[in-house]
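Undergrad: Chain by chain, the residues run as shown.
2 protein chains.
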Amino acid sequence: MSDKLIQPRVLKGFRDYLPSTMLVRERLMDTARRVFRSYGFSPIDTPALEYAEVLTGKGGEESDKQLFRFQDQGGRDVAMRFDLTVPLARFAALHASQLGLPFKRYHLGTVWRGENTQKGRYREFMQCDFDTIGTLSPGADLETLLVIHDLLVALGFERFTIRVNNRMVLNGLLAAQGLSDKTVGVLRSIDKLAKIGVEKVIEELVERVGLTTPQAEKVLSIARPEATLDDLDAALVDSELGRTGVERLRTLFDTATAAGIPRERLALDVSIARGLDYYTGTIFETFLNDLPGIGSICSGGRYDNLADLFTKEKLPGVGASLGLDRLLAAMEELNLLGDASTPAQILIAYFDANRLGDYHALARTLREAGFGVEVYPEAVKLGKQLQYADRKGHRIALIAGSQEFEQAAWQVKNLKLKTAEVVPAANLAAYLATSLQ
Amino acid sequence: MSDKLIQPRVLKGFRDYLPSTMLVRERLMDTARRVFRSYGFSPIDTPALEYAEVLTGKGGEESDKQLFRFQDQGGRDVAMRFDLTVPLARFAALHASQLGLPFKRYHLGTVWRGENTQKGRYREFMQCDFDTIGTLSPGADLETLLVIHDLLVALGFERFTIRVNNRMVLNGLLAAQGLSDKTVGVLRSIDKLAKIGVEKVIEELVERVGLTTPQAEKVLSIARPEATLDDLDAALVDSELGRTGVERLRTLFDTATAAGIPRERLALDVSIARGLDYYTGTIFETFLNDLPGIGSICSGGRYDNLADLFTKEKLPGVGASLGLDRLLAAMEELNLLGDASTPAQILIAYFDANRLGDYHALARTLREAGFGVEVYPEAVKLGKQLQYADRKGHRIALIAGSQEFEQAAWQVKNLKLKTAEVVPAANLAAYLATSLQ
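These protein sequences, in sequence, are chains A and B. Just so you know, numbering that gives the first Met the number 0 puts 132 at position 133 of the first sequence, and the rest follows in order with no gaps. Just so you know, numbering that gives the first Met the number 0 puts 417 at position 418 of the second sequence, and the rest follows in order with no gaps.
The following block holds chain A by itself, in its conformation from the complex (with noise of 0.2 Å):
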């Protein structure tokens, strides 16, 4: 059967994750469940597939278009999950009343999108969301700043910038204005601001959004990066929902400081829109300070009715999402991820054939003191040996043969500074807890 070989490969826009990113991955995952669950955040999951009506229609036209949309074997119409936010509403609908609000759960899967591959998109991809439902509290608003904020410290980082803004404040400029029926296109202007700069941003509300230039100049005086809460003020006095945005903003920037947030990592940004329809309160944009091109990594904010499309119950909630794959690329194009692919520091070479058992009890004795430790399979030579060390990334070889053992003696090749030293056994964890730390 082995005549006609199967050609090996994966479907375009879809890849395998290889030891040494995957370990990588699997840290970022760990940290943030660890963050997560640290708030009380507790971790849900929901089918791959669902129902394609559950799906079809809460992302758009394009969104429609990339399910991966099927009929199963009993003939129904199904779908493979495009996000976490669909499932959860759905989720929420079902079980609301069971799990009790407020609920604040997190929820890390895979969503699959049969994105054009061509931008380098990937059609598999994780997402990694965190929401809390039931509550227009503005605690709730704080939590997921705080959140968003001590995740980005856990995963390592300590140059980064949390752009905020509240829906609420340029809708109600416009809305005072009488200009709610140009906010899609205002908001699409001002998200260019970065890129032409604010001359041709006055210059394309006039001529195609169609405002005056007094009113261009008015949104701009708050959509700018530059603008300050008084600045926001001063603009808004017309606008009640306005300054209710304004005030929301003022309380989530002073609560965030209270609770320890320095303050040059939280920048306000009236500019940033997320999502046209979707956000109706805070938002939030996180950009790493030394990488700004990848985007922003971490979203979200606060929405008026989650699940309106399953229940007549009033869902509101706030939350965001880590965008853990582009972290990963991003990490992967720098070259940040190391080169190990292995998660265990030190190898026992397998030296004498008849000590196979010996060898083993050895390596459960260090991992019951927290080592990571591989006996290698084979009694091979050693020189093969230590070059799989070398592949793989072991910082430590153990060796011992018939003279070790008697001596109870072990051979400690530390594999990065090229040395080696006769360790005895007694003294052998305590000596590796020094050479690793």
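If you're looking for bench data, these hints aren't it; they were derived computationally from the structure. Some clues are possibly wrong.
Stated by the list, open to error - Cut-off 20 Å, straight-line C-alpha distance, at most; resulting in silico cross-link-like pairs (SDA-like, lysine to any residue): (1) Lys3/A x Gly56/B; (2) Lys3/B x Tyr50/A; (3) Lys383/B x Gly99/A; (4) Lys11/A x Asp76/B; (5) Lys3/B x Ala51/A; (6) Lys57/B x Asp29/B; (7) Lys64/B x Gly99/A; (8) Lys11/B x Gln72/A.
Fit chain B to the supplied structure of chain A, relying on the hints for placement.
TA: Frame of chain A, contents of chain B only:
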């Protein structure tokens, strides 16, 4: 658009994981990853979707029928993976030269099978596999056994039995008597041993499989739970293959004992077969002594050639798979999951509406000290907040109003013991560490 509500439901055979179950599932997965890593197994991941030709014909006709298979947007014939072994074969064929051999990987991943749901089976479940590819060494067989053992212990089990066999033993016995063509029938009959007993199995071997009575008795002299390695030696004087199998078993038991595995957790069992054609050497099955009815919760073995459909390179291997969802379902049935649905043990009441930042400042300090801490999101009545804590399973509530803030103290309510105490802020972390022991 909320006039026509979509029914929030999951597909037949699929399910949502709610927090109380998911917390345990994540704990089991964390434990498995920790043990695998401690042995130097590295994580990998492969796509949920593969070319259908990669997956079909690998698990027999039944597997093919159960495939979720469809045409993607590009007209490709694709299918969702039904196990992690076939993707590993494809992965190994594709990447072996880059990874180097031996290669040790673990893979925790969801798989999909359109099973008959009447038997309480799910169509989506998690597999949790580890394998060593590219070596024939008994060292890898031993290590597989050690991982199974240490994994079960790490999961909290003490009373379990790893049943061990080697396919060469029975194959050798049958070959020496010219009965190789009857292997499948023999395995099928002795698989019923526990259910129908020795007499009936001998009857079946004679009447249905076509053995003579002495031949059937010889098979049963080794394929019964009481058989010892010496019994096997005696029965296999005529078979070199069989004696090699016994030698392998003897080495495995001896080295496992030398490596510190309690002998009572190991059992020789020539009647276990696990997949009639797949395994070629050592076979493992693991049973909980107190829950034998749920079947083997960790099974595996040695196979000659993983990837012969994809490459001409010989890739022998050995590994096993933890039945994580089977274990979880059993724990759920036996009410072993606990009722907490929050990962945080401490709830800080949001009591004074103006102190939001202060409550969160304390929460962040306690998190840094290692506690899981939730701040209630709304400044509602205390009774409602404590009800929430009761429902979620928090153990401690921290309460402070203006008086406590003036005194730099916190009211600490122990929600299980129904006690309360006022604790100075400076002593709080130490006090909580003691309370939550």
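Undergrad: Work down the list of hints and note, for each, if the structure agrees.
TA: Against the structure, the hints come out as follows:
Annotation: proposed proximity of Lys3/A to Gly56/B holds, straight-line Cα distance about 13 Å (limit 20 Å). A distance of roughly 16 Å separates the Cα atoms of Lys3/B and Tyr50/A; the hinted pair therefore holds under the 20 Å criterion. Between Lys383/B and Gly99/A, the direct Cα distance comes to roughly 12 Å. Compliance with the 20 Å bound is thereby established for this hinted pair. Taking the CA atoms of Lys11/A and Asp76/B, the gap is near 12 Å; set against the 20 Å cutoff, the hint holds.
For the hint pairing Lys3/B with Ala51/A, the CA-to-CA distance comes to about 16 Å; that is within 20 Å, so the pair holds. Taking the CA atoms of Lys57/B and Asp29/B, the gap is near 30 Å; set against the 20 Å cutoff, the hint is violated. Of the pairs offered as hints, the one joining Lys64/B and Gly99/A is violated, with about 41 Å between alpha carbons and a cut-off of 20 Å exceeded. Using a Cα cut-off of 20 Å, the hinted pair Lys11/B and Gln72/A holds, with the two alpha carbons roughly 11 Å apart.
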